[in-house]
Structure formats: C-alpha cells, structure tokens
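Take the sequences, apply the hints, and build the full model.
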Amino acid sequence: MSVDLRKVEDFLVHEARLLDARDWAAWDALFTPDGIYWMPAAPGQDDPLRHVSLIYENALLREIRIRRFADTSAFSLQGGPRGWRIVANVRIDARDAEANTITVSSRLMAAEYQRDRTTRFEGFVTHRLVTEGDSFRIALKRVELLDCDAMRGDINLYL
Amino acid sequence: MSITTGLVEDDRVHRSVYTDPAIFELEMQNIFGATWIYVGHESQVPNDGDFITASIARQPLLMVRDKGEIHLLYNRCPHKGAQVVPEGQGNARMFRCAYHGWIFQRDGAVRTIPLDDGYEGTCIGKHGPDASMTRVANVASYRGFVFACLADEAPPFQEWLKGVDSSIDNMADRSPEGELEVTGGVLRYMHRCNWKIFLENLNDLMHPMVTHMSSSGTARSVANRHFGKGEKLPAAIEILGPFTSNYEFFEDMGIHAFPGGHSYSGGTVSIHSRYSEIDAYNDAMNAAYGEARAREIFSMNRHNTIVYPSLTLKGPIQTIRVIKPIAVDRTLVESWTFRMKGAPDELLERSILYCNLINSSANLVGPDDHEAYQRIQTGLMADRIEWVNMQRHMGKEQPNADGGWSAMGTSDLVFRNQYRTWAAYMETAA
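Protein chains in written order, with the working numbering: chain R, 22 to 180; chain X, 538 to 967.
One thing to keep in mind: the hints can contain errors.
One-sided excerpt, in silico: chain X residues whose CB lies under 10 angstroms from chain R [claimed, not checked]: (1) L724; (2) M727; (3) H728; (4) Y818; (5) N819; (6) E871; (7) S872; (8) K878; (9) D882; (10) L885; (11) A899.
Quick list of the computed label-pair ranges, beta carbon to beta carbon [what the hints assert, rightly or not]: (12) R:T124 <-> X:G767: 37 to 43 angstroms; (13) R:G101 <-> X:A646: 56 to 62 angstroms; (14) R:H35 <-> X:M743: 17 to 23 angstroms; (15) X:M565 <-> R:A42: 45 to 51 angstroms; (16) X:Q935 <-> R:R141: 50 to 56 angstroms; (17) X:D547 <-> R:A132: 45 to 51 angstroms; (18) X:Q935 <-> R:D41: 53 to 59 angstroms; (19) R:G174 <-> X:M743: 23 to 29 angstroms.
Hints were generated in silico from the structure; no laboratory data involved. Glycine included, every Cβ here is placed at the ideal spot set by N, Cα and C.
Dropping the structure here:
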C-alpha cells in the first residue's frame with residue numbers, strides 16, 4: 022500500500038479547517054461508523070474503558086455534542102467559543118495493508134477563545150485512518166494534551 | 538464577635554460569605570483546619586511504604602503506610618521547611634529531603650542528619666523534639682475513607698459522621714466483598730467559584746432540568762431518533778437522560794440533612810436507579826449476601842451525599858468528588874472512581890463512563906453547572922442586593938430517625954442546615 026504523505030497532510034489540514042469553521046457535521050462525516058474521538062486524561066493512557074478520559078466519544082455521543090453546539094440553552098457555550106488549530110510534524114508511523122489502515126502522528130497547537138479568555142492547547146495527536154479511494158476516514162483520533170493530567174478549566178471545543 | 542457575625546440568618550446568608558477573601562481565610566482556619574476533612578482512601582496505599590501526597594486547606598500532607606498502619610504527616614521538612622516529597626505517589630523505604638539531605642522514616646521520625654553533631658544540644662538535633670516530620674493530630678478511617686482533623690481537638694469522629702455514614706456503608710456494601718478500591722485515575726477540574734457554591738449545587742434539585750437541558754435533553758432526543766420504545770439504551774444515554782427528569786421526580790426523591798452540615802438527596806430512587814441490571818453482578822451479590830440482603834442493599838439509591846465540607850459521594854455509581862478550596866473564587870474538584878472488589882469490570886466501566894460524561898472538564902454536563910457557578914460569583918458583586926435567599930419549603934422539614942431532618946426534594950433545607958453549621962464553626966474562636 023503506498024500512501025503519499027502529502028495526501029495525509031492535506032487530509033489533516035482539511036480536518037482541522039472544518040473544526041476551525043465550526044462545520045461540525047462535515048467534520049463528523051469524516052469518521053467511520055464506529056470511529057472514536059478520544060482525549061485521554063493521562064499521558065500514555067492506553068485504556069479508555071477502565072481509566073477516566075477528558076473525552077471518549079463514539080458516533081452517538083458526538084451527535085449529542087454536535088447538536089448541543091446549536092442549542093441556545095447550552096449556557097456554557099453562550100458567547101460562542103471559537104478556536105483554531107495548527108497541525109505539524111506529520112508522519113506515517115505504521116501501515117496495515119490487510120486492514121487498509123495507516124497510523125499517523127502529528128503535533129497540534131490550538132487555542133479556544135470565549136468571553137475575554139483564551140485557552141491554549143498543545144498536544145500529541147494520533148490518527149488511525151482507513152484509506153478510502155483517494156481519501157481517508159477516521160477510525161480513531163486520539164488527542165493527548167501535553168498537560169492532559171493537569172488541573173484544568175473547561176474545554177468547550179473538539180481540538 | 539467574629540467577622541462573620543450577623544452574616545447568616547435562619548433563611549438567608551449575606552453575599553460576602555461567597556466573595557470576601559478575609560472570610561475565606563477564616564474558613565480555612567475555622568472549618569477546613571478544625572473539622573474532619575477527607576484526605577484519601579486506604580486502597581491508594583495498600584502496601585507498606587506506599588505513599589500519596591495530599592492536602593487540607595492548601596497545606597501539604599503525606600499519607601503513607603508503614604507496618605500496616607496509615608500515617609498522615611505534614612509534608613514539610615522540620616529543618617528549613619521544604620516539601621519533603623513532591624506531588625504524586627509511589628513507594629519508599631524512607632524519605633530524603635532534597636535540600637539538606639535529612640532522612641526520615643516512613644512514620645516521619647528523623648533517621649539521619651548530615652553532620653548532626655553540629656546540632657548537639659539543640660531542639661532539632663537527632664534526639665531533639667523538633668527534628669522529625671510532624672504528624673497530623675487526628676486521623677480516622679471509615680470503610681477505607683481516611684479523614685483528618687488538623688486541630689488538636691477534633692469532634693468525636695463517629696458522632697460527627699452520623700447520618701451520612703450509611704451512604705458510605707451502602708457504597709462499600711455494593712461490593713460483593715464489602716470493599717472498594719480507588720482505580721482509573723483522577724479528573725482535576727478547576728472551578729472559578731467559591732467552594733460553597735459548588736457544594737450547594739449537588740443537592741439543589743431545582744436546577745438539573747434547566748441547567749442540563751442542552752445535554753441531557755439532547756441525549757434524550759438523539760436516543761429517540763435511534764432507539765425504539767422499550768429498546769435497551771446505551772449506558773451513556775441511561776446516564777445522561779435522568780438529569781432532565783421532571784420536577785415531580787426530583788421533589789419525590791426527597792432530601793435529608795444532619796448535624797455537622799451533612800446531607801443527601803434521594804433514598805430509594807435517584808437519577809441512578811434506572812441503570813440496566815448486570816446479571817453477573819447480581820449473581821455475585823446474591824452469592825455474597827443472600828438475595829434478601831442484596832435486595833436491601835440495592836433498595837438504597839441515593840443521589841449526592843455531602844460529608845460536609847470536603848467529601849461528596851455517589852454510592853450507586855461508585856464515584857466521589859473531593860472539594861479543595863484554593864481561593865475565595867477558586868475551587869479544585871477532584872473526581873475519583875472506585876472498583877467494587879468482586880464485581881465484574883462492567884461496573885467499573887460504567888463508573889468511568891459516568892465520570893467522563895459528567896465530571897470531566899471537557900464534558901457536556903459539568904461546564905453548564907460551572908457556568909451557573911461563575912454567574913453566581915459575578916452576580917453577587919451587585920452590592921445593592923445583600924442577601925441570598927434560602928426560604929424554599931421552610932418549616933416543612935420533619936425530624937428523621939437518624940437525628941436529622943427530612944423534606945421534599947426541592948427544599949432549601951440542605952442549604953439552611955449547611956449555613957447553621959458554617960456559622961457555628963466560624964463563630965468559634967480559633
């Protein structure tokens with residue numbers, strides 16, 4: 022299986038820009054039906070079921086969160102958090118030709134702004150991508166914040 | 538006469554109890570420094586030499602097991618004052634200060650001082666009275682939950698815990714072996730509010746259907762799109778849905794308050810009582826206790842229990858939230874999960890899922906609570922309106938069999954009771 026790194030980079034930037042644009046539905050459509058978005062609460066955490074996470078969401082939970090983004094009674098979202106993401110240091114770490122997947126690592130810098138407060142994030146990101154024709158679907162996106170085990174305030178957006 | 542005299546009345550409190558930094562400092566002394574505060578669970582230090590760092594009222598502590606016994610020490614070198622053990626946990630044969638190399642045994646007794654003949658005849662020489670790490674004056678444990686009182690004189694522990702000891706019992710009894718074990722990490726959520734605002738919310742049963750409509754209500758409508766009537770729902774929906782039960786449900790849950798400021802809501806029914814049965818767990822419980830006793834344990838289903846002022850617990854889902862006041866408008870809330878010994882892993886996985894969905898700082902439920910707390914902290918800056926009202930269902934409470942009072946779920950009874958206790962602590966000369 023030959024996958025061009027440039028194509029992978031394009032895909033990750035495309036994904037980040039959908040999030041920047043708050044186009045949640047288009048972003049969610051990038052996932053496979055059983056795709057997972059995961060933000061662990063401990064560095065190196067490998068168990069999402071028996072250890073707490075900041076976020077561990079399947080399609081159903083993402084649907085709830087995404088519908089809530091448009092809900093005017095979501096009080097903590099009033100004043101509209103907005104954010105941007107920079108994706109860098111993209112590498113293809115592993116290829117599984119049989120499963121038609123690649124594992125991609127990258128570094129993320131992001132910020133969330135709401136009501137006079139900016140919160141900055143740095144993270145190690147792993148994508149497990151299923152190749153689909155000329156593009157990819159996300160089977161797993163794992164965002165391990167540099168300070169994932171620190172005490173922290175709210176995170177309102179997907180990073 | 539104290540700076541808090543006149544700030545608490547039977548049915549209202551002055552806004553300054555939430556906003557005045559001087560009152561906050563006095564709380565650290567007269568409440569967090571004077572009564573029983575939760576420090577950790579025995580299962581966090583199962584073996585000799587195991588230790589965790591802890592804190593009460595911002596003071597650094599070290600909980601360590603030695604020869605089977607739990608010791609609680611001030612995490613402060615008796616020499617120049619450095620914290621002896623950095624934040625975290627581990628296992629140690631002894632503790633060595635990073636500054637001048639003083640070495641202490643696990644029970645805090647000094648073992649080695651470099652060039653100790655230079656201290657001969659002083660109070661911190663090897664045999665001096667002040668050369669060892671200082672022990673916290675009072676430590677007590679109930680079903681593995683370790684509490685400490687920094688003051689020399691502590692309230693009688695069992696009597697202090699009365700009324701809510703049954704919540705801890707029920708949480709532990711839900712283990713087929715009667716024992717709990719901390720596992721699954723911790724979520725540390727910093728809140729921009731006074732600690733009392735967080736605490737009051739836990740048994741405020743008038744807020745969930747408003748504050749949590751965007752999460753719980755949305756979860757219900759999404760579930761309706763995907764699942765038919767009577768179809769088994771995913772655990773996440775079972776957890777999120779009941780937050781937007783109607784007013785009657787929360788009213789009927791009931792609320793109970795006790796001397797010492799303690800309380801719980803729910804009794805036989807709560808937002809946790811309609812989770813799916815797990816057959817292997819029921820079998821293990823029946824085998825351990827017999828069916829009648831197992832049914833009795835499950836028939837108690839409480840919502841939030843507050844062991845005033847520092848520990849809050851949810852027995853039916855095996856989680857606790859620990860309150861750590863940092864400043865007048867900053868409160869750290871630590872959320873921990875427990876494995877019930879002898880229970881299938883599915884139960885732990887449900888507790889973990891609950892914490893992810895409700896207690897994480899990136900979840901859909903807690904941030905809307907946090908938003909309300911921040912708005913209270915901001916709203917209370919309006920100094921023309923001095924008092925916060927606590928009159929709902931006043932006078933309708935009835936004495937209960939455990940020495941406290943009971944009322945319908947939406948009563949302000951719990952708040953009035955917390956402030957009666959608060960005022961008694963604060964008026965006591967330190």
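Now the hints, each set against the structure:
1. L724: holds (5 angstroms)
2. M727: holds (5 angstroms)
3. H728: holds (8 angstroms)
4. Y818: violated (16 angstroms)
5. N819: violated (21 angstroms)
6. E871: Constraint on X:E871 satisfied, holds at 8 angstroms.
7. S872: holds (8 angstroms)
8. K878: violated (15 angstroms)
9. D882: holds (7 angstroms)
10. L885: Interface hint status for X:L885: holds (6 angstroms vs cutoff 10 angstroms).
11. A899: Holds, about 4 angstroms.
12. R:T124 <-> X:G767: 37 to 43 angstroms: holds (41 angstroms)
13. R:G101 <-> X:A646: 56 to 62 angstroms: holds (58 angstroms)
14. R:H35 <-> X:M743: 17 to 23 angstroms: This hint is violated: roughly 46 angstroms between Cβ atoms.
15. X:M565 <-> R:A42: 45 to 51 angstroms: Holds, at about 47 angstroms.
16. X:Q935 <-> R:R141: 50 to 56 angstroms: holds (53 angstroms)
17. X:D547 <-> R:A132: 45 to 51 angstroms: holds (48 angstroms)
18. X:Q935 <-> R:D41: 53 to 59 angstroms: holds (57 angstroms)
19. R:G174 <-> X:M743: 23 to 29 angstroms: holds (26 angstroms)
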